[in-house]
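So the sequence lines, in the order shown, correspond to chains A and B.
Using the numbering used here, you'd call the opening residue of the first sequence number 1 and step up by one each time.
Using the numbering used here, you'd call the opening residue of the second sequence number 166 and step up by one each time.
Watch out, some of these pointers could steer you wrong.
To be verified - Under the rule of at most 27 angstroms between Cα atoms (straight-line distance), these lysine-lysine pairs were calculated in the DSSO-like manner:
1) K46(A) / K406(B)
2) K352(B) / K46(A)
3) K119(A) / K406(B)
4) K9(A) / K43(A)
The set of hints was computed from the structure by calculation and includes no laboratory data.
From a predicted model like this one, the values you see are computed outputs, not experimental measurements.
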Amino acid sequence: MLILPQEIKERVEEVISNEFGSGIKYESEKYGIPSDVKTRVEKSAKQKFYSDNVYLYKIKSGKTLKAYGFLDNVYGKSLPITFMVFLDTKGSVLSAHIIKYREQYGGQVGSQGWLDQFKGRNNQSGYEVSKDIDSISGATISVNSVTTGIKKITLLYQEIKDKIK
Amino acid sequence: MKNILYMIAALMLTAATLNAQSDEFFEPKTTISGYGELHYNSVGVGDAERNETLDFHRFVLFVGHAFNEKWSLKSEIELEHNYIRGGQGELQLEQAYVNYHHADYLGLQFGVLLAASGLINEFHEPTNFFGVERPEYAAMIIPTTWFGNGIGLYGQYKGFDYRLLAIEGLDPDKISYSSGIRGARQKGYMADASRMLYNGRVDYTGISGLKIGASFAYNLAEGDTNNVAIFMFEGHAKYEKNGIIAVAEFGNISYDKGILKNSRGYYVDLGYDLSKVVNFGAQLAPFVRYSQVNPAHETLAGGNADKQYGFNQIMFGLNYKPNGNVIFKIDYNQKERLSDNLKTTSLNLGVGYIF
Chain A
1 MLILPQEIKE RVEEVISNEF GSGIKYESEK YGIPSDVKTR VEKSAKQKFY
51 SDNVYLYKIK SGKTLKAYGF LDNVYGKSLP ITFMVFLDTK GSVLSAHIIK
101 YREQYGGQVG SQGWLDQFKG RNNQSGYEVS KDIDSISGAT ISVNSVTTGI
151 KKITLLYQEI KDKIK
Chain B
166 MKNILYMIAA LMLTAATLNA QSDEFFEPKT TISGYGELHY NSVGVGDAER
216 NETLDFHRFV LFVGHAFNEK WSLKSEIELE HNYIRGGQGE LQLEQAYVNY
266 HHADYLGLQF GVLLAASGLI NEFHEPTNFF GVERPEYAAM IIPTTWFGNG
316 IGLYGQYKGF DYRLLAIEGL DPDKISYSSG IRGARQKGYM ADASRMLYNG
366 RVDYTGISGL KIGASFAYNL AEGDTNNVAI FMFEGHAKYE KNGIIAVAEF
416 GNISYDKGIL KNSRGYYVDL GYDLSKVVNF GAQLAPFVRY SQVNPAHETL
466 AGGNADKQYG FNQIMFGLNY KPNGNVIFKI DYNQKERLSD NLKTTSLNLG
516 VGYIF
């Protein structure tokens, strides 16, 4: 099990139960990204990973694996934005959520209306802001960071899906 | 001023007793970002010879440092018009404050703060507006960049985004027919703190693509002979979705004494981002603007100033962003003075960046 700060842990649990129902079971681990994978994904996404790890959740209904959850961070203007992405086993986004926002401006990236644009997207989809993803007035930096952060997770999944089964 | 001191003390006490623990995702970090803009302006008044200038209007650096997850420093230093000589060109500290982020719904700020007024003052990077220069409205009615020393709070709650500030007041002796309160800003320079200005804004962003809001500012400004009660109210909206970019701002400033009774203005922009259709760059947006601005909308002193300083404006232009960080702009506009229909035409070209 992961040991996360209480506030983040509670928010993650809330998001999981809203998404999959309160009875859902999950396993979680701190996943060390292999360095060759990290380099490839960073190059392709044009964004560095926040650290060498992401937090991986396996959402299970009975013994069936329903979805993967990734908890990760991207930088806003100067502080990290903690976000979570759920992928189906093929690697398409089921939903995306902001877990913690720490800056004054740009908090609108946390609105579910904006985040719902990512549903159904995968590693092949377009992620260009204002073209594929709507921008938000006054939140440009956060919009760019979170969009690339989510893209990066879809790319990472394709690289590691066989390893994390 | 006493009240303000009590307020500061209470805010600091609150902040100090709040738990400032950081989670494991946080790392102390210093960030540098910024923006800049080079402008070419060709301006012709009536039949007179056109005046052409090339001006690196603004070079700006943002320096921020997060001490821990709750406490950070934010700053913005701006050099205007390349360099400073005999009162021309400006070096300004437009923002420099200690920020305490308690939670999404409450943060506190202490230092040089941007007034929370209109769409542009807090978001004044060149990528955020149509036209090479900022709209006339954002100079003659809302005097961007408007900043002052003081304290503030901010937050977000269920699609609402709000700020409340107490900053240095205005100097009523410098209110003018030609630009309202623009010259009355103290810009933090040894600011007279006897009469604070109170400013608040609420925006609603709960509908995808839309930002709509309003703000007020009140100051009983202390002058050499008169104290002038100044009250500003403005409303603003921006809609950006499916290629449509629509902007509207309206503002009114009322004064109880002095030369002016009201300053008033508005502008409306409508643009369409063609980049989705023609697959060219990150934004390719032609636009049109209509604006009426009159810093001397009604005067207390009489005379014909109310006609002489007001104008209508129509503008056409294009914003092109090859990527999210660089912007090229062109616009052509005509201003018509209310008193005698004297026409001023401008052709402007600009390049800007943010990082």
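Which numbered hints fail: Failing hints, ascending: 2, 4.
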